[in-house]
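**Q** Protein chains in written order, with this note's numbering: chain A, 1 to 114; chain B, 1 to 109.
It is possible that some hints are incorrect.
[Stated by the list, open to error] Simulated crosslink set (DSBU-like; lysine-lysine; CA at most 35 Å straight-line):
1. B:68 <-> B:79
2. A:70 <-> B:68
3. B:96 <-> B:59
4. A:14 <-> B:101
5. A:9 <-> B:42
6. A:71 <-> B:42
7. B:57 <-> B:42
8. B:79 <-> A:71
9. A:14 <-> B:59
10. B:42 <-> A:70
11. B:79 <-> A:57
12. B:59 <-> B:69
13. A:71 <-> A:14
14. A:14 <-> B:68
15. A:71 <-> A:57
16. B:42 <-> A:57
17. B:68 <-> B:42
18. A:9 <-> B:68
19. A:14 <-> B:96
20. A:57 <-> A:14
21. A:71 <-> B:57
22. A:70 <-> A:9
23. B:63 <-> A:9
24. B:42 <-> B:96
25. B:101 <-> B:68
26. B:79 <-> B:63
27. A:71 <-> B:96
28. A:57 <-> B:68
These aren't lab readings, by the way, just hints derived from the structure by calculation. In this text the structure is predicted, and so the values were computed from the model without any measurement.
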Amino acid sequence: NAGVTQTPKFRVLKTGQSMTLLCAQDMNHEYMYWYRQDPGMGLRLIHYSVGEGTTAKGEVPDGYNVSRLKKQNFLLGLESAAPSQTSVYFCASRRGQGPNQPQHFGDGTRLSIL
Amino acid sequence: EDQVTQSPEALRLQEGESSSLNCSYTVSGLRGLFWYRQDPGKGPEFLFTLYSAGEEKEKERLKATLTKKESFLHITAPKPEDSATYLCAVRPGDDKIIFGKGTRLHILP
Numbered sequence: 001n002a003g004v005t006q007t008p009k010f011r012v013l014k015t016g017q018s019m020t021l022l023c024a025q026d027m028n029h030e031y032m033y034w035y036r037q038d039p040g041m042g043l044r045l046i047h048y049s050v051g052e053g054t055t056a057k058g059e060v061p062d063g064y065n066v067s068r069l070k071k072q073n074f075l076l077g078l079e080s081a082a083p084s085q086t087s088v089y090f091c092a093s094r095r096g097q098g099p100n101q102p103q104h105f106g107d108g109t110r111l112s113i114l
Numbered sequence: 001e002d003q004v005t006q007s008p009e010a011l012r013l014q015e016g017e018s019s020s021l022n023c024s025y026t027v028s029g030l031r032g033l034f035w036y037r038q039d040p041g042k043g044p045e046f047l048f049t050l051y052s053a054g055e056e057k058e059k060e061r062l063k064a065t066l067t068k069k070e071s072f073l074h075i076t077a078p079k080p081e082d083s084a085t086y087l088c089a090v091r092p093g094d095d096k097i098i099f100g101k102g103t104r105l106h107i108l109p
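With the rest of the complex left out, here is chain B (with noise of 0.2 Å):
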């Protein structure tokens, strides 16, 4: 079964402090990951596509990069204003998409 699992539920950090956020998959031929932003009361926002095992992708204090079996989300040097969820999808070898449950971001000032 194709599955997604996101780790930590939640992080709380220091502006400055930099972490990293998990995204595990198991699925039948990835033909794609994607990273989202989700700000409260809105819907998911964009932010990278990886493809292929060794990928990065970089966004202002956003890093993302992907193995065969997890991507990572590298912050560096957070900011008050990164604090949001972060989703992680996968598109497995059809049309869906499927989701992690996310990680709850706050970035105390």
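Next comes chain A alone, as it looks inside the complex (with noise of 0.2 Å):
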């Protein structure tokens, strides 16, 4: 019962560097978000997806790109990684239907740029 599974689960990154974070889910949910968790910030929307094939921009889209090639995967690139990108991300996933469908969690990347 792996719900949504997010690889790697740590990644140390030097300045600069780039690195692709993958999102899978099993349960055949239309929607899928990518977020960061910073300390006192709480989870804050980076992007989102509405289905496979679409992608639209949330609250801290600047510096990330996303990609929904396949419905049960949700990809986040860093291009050009930054310091202040260091963060916890967590990619979640919702059922379309229904106004009230709650979004399902993986555990998180923990990712780190020196």
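Take the two lone chains and join them into the complex the hints point to.
**A** Below, the structure is given as structure tokens:
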């Protein structure tokens, strides 16, 4: 019963390096989200997708790109990592139908940018 | 602007000491209010969805209530294993979900 799986769980990057975070869900959910969580700031939405092939900007999209080529996967890319992007990144998915469907979260990717 | 504010930021209780956490919100058209529990090193875990003012949901020692401006998470006779960060989130009239900053709850044995 995997639910939402995030890889990798930990990563350390140097400033300027690029990387991709992978989120996979096995619940056939339409909606997927990427958040970052920083101390004192709560969860902030980076990008989200309402279905395969769609993406939209959230609250803090700058410096990130996303792709949703397959319904079950949502990728978050950092093209040129900066120390300000040090954070814990959470992916979530939600069934599309119904106004009050909750999000289901993965356990996060802890990313440090040196 | 859609906004969610949780209080207090942190709360320490003795085991068995009941209390309430508050989530106040201002959104354009509420389409759901959610409570989550988050343990250290883990992702948020869904607890409740509330949709209409006056609605209540219960799960073990937790009860969530909703009014037109705020929600309360009541914790009755808490145990140390209830220690966690509790997050409130709202869904306004679009596809986004907005989170509060959470309340860190610590139950002392």
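**Q** Decide, hint by hint, whether the structure agrees.
**A** Structure-based check of all given hints:
1. The straight-line distance between the Cα atoms of residue 68 of chain B and residue 79 of chain B is roughly 30 Å, inside the 35 Å bound, and the hint therefore holds.
2. Between the alpha carbons of residue 70 of chain A and residue 68 of chain B the distance comes to roughly 39 Å, so the proposed pair goes past 35 Å and is violated.
3. Distance hint between residue 96 of chain B and residue 59 of chain B is fulfilled; the C-alpha atoms sit about 26 Å from each other, no more than 35 Å.
4. Proximity of residue 14 of chain A to residue 101 of chain B is assessed by CA-CA distance (about 29 Å); at most 35 Å being required, the pair is judged to hold.
5. The suggested pairing of residue 9 of chain A with residue 42 of chain B holds, with an alpha-carbon distance near 11 Å, which does not exceed 35 Å.
6. Between residue 71 of chain A and residue 42 of chain B the alpha-carbon distance is near 24 Å, which keeps this suggested pair within the 35 Å criterion.
7. A distance of roughly 24 Å separates the Cα atoms of residue 57 of chain B and residue 42 of chain B; the hinted pair therefore holds under the 35 Å criterion.
8. Of the pairs offered as hints, the one joining residue 79 of chain B and residue 71 of chain A is violated, with about 40 Å between alpha carbons and a cut-off of 35 Å exceeded.
9. For the hint linking residue 14 of chain A to residue 59 of chain B, the alpha-carbon distance of about 45 Å lies beyond 35 Å, and the restraint is violated.
10. Proximity of residue 42 of chain B to residue 70 of chain A is assessed by CA-CA distance (about 26 Å); at most 35 Å being required, the pair is judged to hold.
11. A C-alpha spacing of about 40 Å is found between residue 79 of chain B and residue 57 of chain A, which places the hinted pair above 35 Å, so the restraint is violated.
12. The hinted pair formed by residue 59 of chain B and residue 69 of chain B meets the criterion: a straight-line CA distance of about 22 Å does not exceed 35 Å.
13. Of the pairs offered as hints, the one joining residue 71 of chain A and residue 14 of chain A holds, with about 31 Å between alpha carbons and a cut-off of 35 Å not exceeded.
14. Simply put, residue 14 of chain A and residue 68 of chain B have alpha-carbon atoms about 47 Å apart, too far for the 35 Å limit, and the pair is violated.
15. Proposed proximity of residue 71 of chain A and residue 57 of chain A is supported: the alpha carbons are some 18 Å apart, at most 35 Å.
16. A hinted pair counts as satisfied when its Cα atoms are at most 35 Å apart, and residue 42 of chain B with residue 57 of chain A qualifies at roughly 25 Å.
17. Our distance criterion of 35 Å between C-alpha atoms is met by residue 68 of chain B and residue 42 of chain B, whose separation comes to about 31 Å.
18. A distance of roughly 39 Å separates the Cα atoms of residue 9 of chain A and residue 68 of chain B; the hinted pair therefore is violated under the 35 Å criterion.
19. For the proposed pair residue 14 of chain A and residue 96 of chain B, the alpha carbon gap of about 32 Å is at most 35 Å, so the pair holds.
20. As the CA atoms of residue 57 of chain A and residue 14 of chain A are separated by approximately 26 Å, the hinted pair is consistent with the 35 Å bound.
21. Between the alpha carbons of residue 71 of chain A and residue 57 of chain B the distance comes to roughly 32 Å, so the proposed pair stays at or under 35 Å and holds.
22. A distance of roughly 21 Å separates the Cα atoms of residue 70 of chain A and residue 9 of chain A; the hinted pair therefore holds under the 35 Å criterion.
23. In summary, the hint linking residue 63 of chain B to residue 9 of chain A is supported, as the alpha carbons are separated by about 33 Å, within the 35 Å threshold.
24. For the given pair, residue 42 of chain B sits about 22 Å from residue 96 of chain B by alpha-carbon distance, which is consistent with the 35 Å threshold.
25. Only pairs whose Cα atoms come within 35 Å are accepted, and residue 101 of chain B paired with residue 68 of chain B is accepted, the gap being roughly 20 Å.
26. For the proposed pair residue 79 of chain B and residue 63 of chain B, the alpha carbon gap of about 15 Å is at most 35 Å, so the pair holds.
27. As the CA atoms of residue 71 of chain A and residue 96 of chain B are separated by approximately 18 Å, the hinted pair is consistent with the 35 Å bound.
28. Taking the CA atoms of residue 57 of chain A and residue 68 of chain B, the gap is near 28 Å; set against the 35 Å cutoff, the hint holds.
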